[in-house]
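**Q** Model the full structure from these sequences, guided by the hints.
Those protein sequences? They're chains A and B, same order as listed.
The opening residue of the first sequence carries number 0 in numbering that gives the first Met the number 0; numbering runs sequentially from there.
The opening residue of the second sequence carries number 0 in numbering that gives the first Met the number 0; numbering runs sequentially from there.
Restricting the straight-line Cα-Cα distance to at most 25 Å, the calculated cross-link-like pairs of lysine-lysine (DSS-like) are:
no. : chain 1 : residue 1 : chain 2 : residue 2
1   : B       : LYS67     : A       : LYS1
2   : B       : LYS54     : A       : LYS1
3   : B       : LYS42     : A       : LYS138
4   : A       : LYS160    : B       : LYS42
5   : A       : LYS160    : B       : LYS25
6   : A       : LYS11     : B       : LYS25
7   : A       : LYS75     : A       : LYS138
8   : A       : LYS156    : A       : LYS138
9   : A       : LYS156    : B       : LYS25
10  : B       : LYS38     : A       : LYS1
11  : B       : LYS67     : B       : LYS54
12  : A       : LYS156    : B       : LYS18
Just so you have them, the derived chain B footprint on chain A, three or more residues with Cβ under 8 Å:
no. : segment
13  : 8-15
14  : 121-130
15  : 147-160
I should point out that these hints are in silico values taken from the structure, not numbers from a laboratory.
Model, not experiment: these values are computed from the prediction.
Note that beta-carbon positions come from the ideal geometry of N, C-alpha and C, so glycine has one too.
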Amino acid sequence: MKGGIIAYEGGKAVGDEAFGIEYFVSGDFSDVFRMSYAMEEGLQQLYLLLAEMCEEREVKHLLERLAKFEEGHKAKMKALFPDDLTGEQVSADSLEGGFNRQQILNHFQDRKVTSDDVIQLGMMLETQAFDLYSRLAAKADTDETKEFFLFMVREEKQHLKFLSDEYDKVLGR
Amino acid sequence: MNWRNLFASDVNMSPADVKIFMAEHKPEEYQLLDVRQPKEYEKEHLPGAQLIPVKELMNRLDELDPTKPTFVY
Numbered sequence: 000m001k002g003g004i005i006a007y008e009g010g011k012a013v014g015d016e017a018f019g020i021e022y023f024v025s026g027d028f029s030d031v032f033r034m035s036y037a038m039e040e041g042l043q044q045l046y047l048l049l050a051e052m053c054e055e056r057e058v059k060h061l062l063e064r065l066a067k068f069e070e071g072h073k074a075k076m077k078a079l080f081p082d083d084l085t086g087e088q089v090s091a092d093s094l095e096g097g098f099n100r101q102q103i104l105n106h107f108q109d110r111k112v113t114s115d116d117v118i119q120l121g122m123m124l125e126t127q128a129f130d131l132y133s134r135l136a137a138k139a140d141t142d143e144t145k146e147f148f149l150f151m152v153r154e155e156k157q158h159l160k161f162l163s164d165e166y167d168k169v170l171g172r
Numbered sequence: 000m001n002w003r004n005l006f007a008s009d010v011n012m013s014p015a016d017v018k019i020f021m022a023e024h025k026p027e028e029y030q031l032l033d034v035r036q037p038k039e040y041e042k043e044h045l046p047g048a049q050l051i052p053v054k055e056l057m058n059r060l061d062e063l064d065p066t067k068p069t070f071v072y
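**A** Set out below in structure tokens:
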């Protein structure tokens, strides 16, 4: 690629090759599925909590739409893998990509949340999630797990497209 | 497979063209290969890129799929 990464204008991920992988060490498909589901849940809750903190109607609406997007994603996961949500529930404190929800809430505690903040936060989390699931797919032990992670990668790509379109709208205002 | 012909049909694509290619293809249809050092990868990398530092490339070619388009940076 001409110019290398410096010339690339687009979302970039951070962290070493193992970043976030610690959440998926078990290797058991059911555990892997439940952890991914909990991360989606964690992100949905984050968007809803930020929407509660937010006074601007437009930003609140955007956050609610993003939360709905995660709800749709969870429904799709449940429909595709109906037998894998049984067993002990996983904490939803960890978000897609391996970030911690409380850290992000703390960041926004004493400041006004803008559309720009929301889109950039969403893009950062979805980019990290895309990267994490890609790394997990490459390391997957079984075809079932690999296919699941590739499904998640495709989903994150769709989320990124949605956010990128929203960003274009914000820039075009 | 030989490292000399792994990227036999190499083309130096612009980042904008790479971005378009990625938008038009499923992530599993291509490979992104980061040949920099681990510290550089850690600081920032293209989402989904596989890290194989250039000095390790010859010994780790079996980790790549020679049938897929591969974007190297």
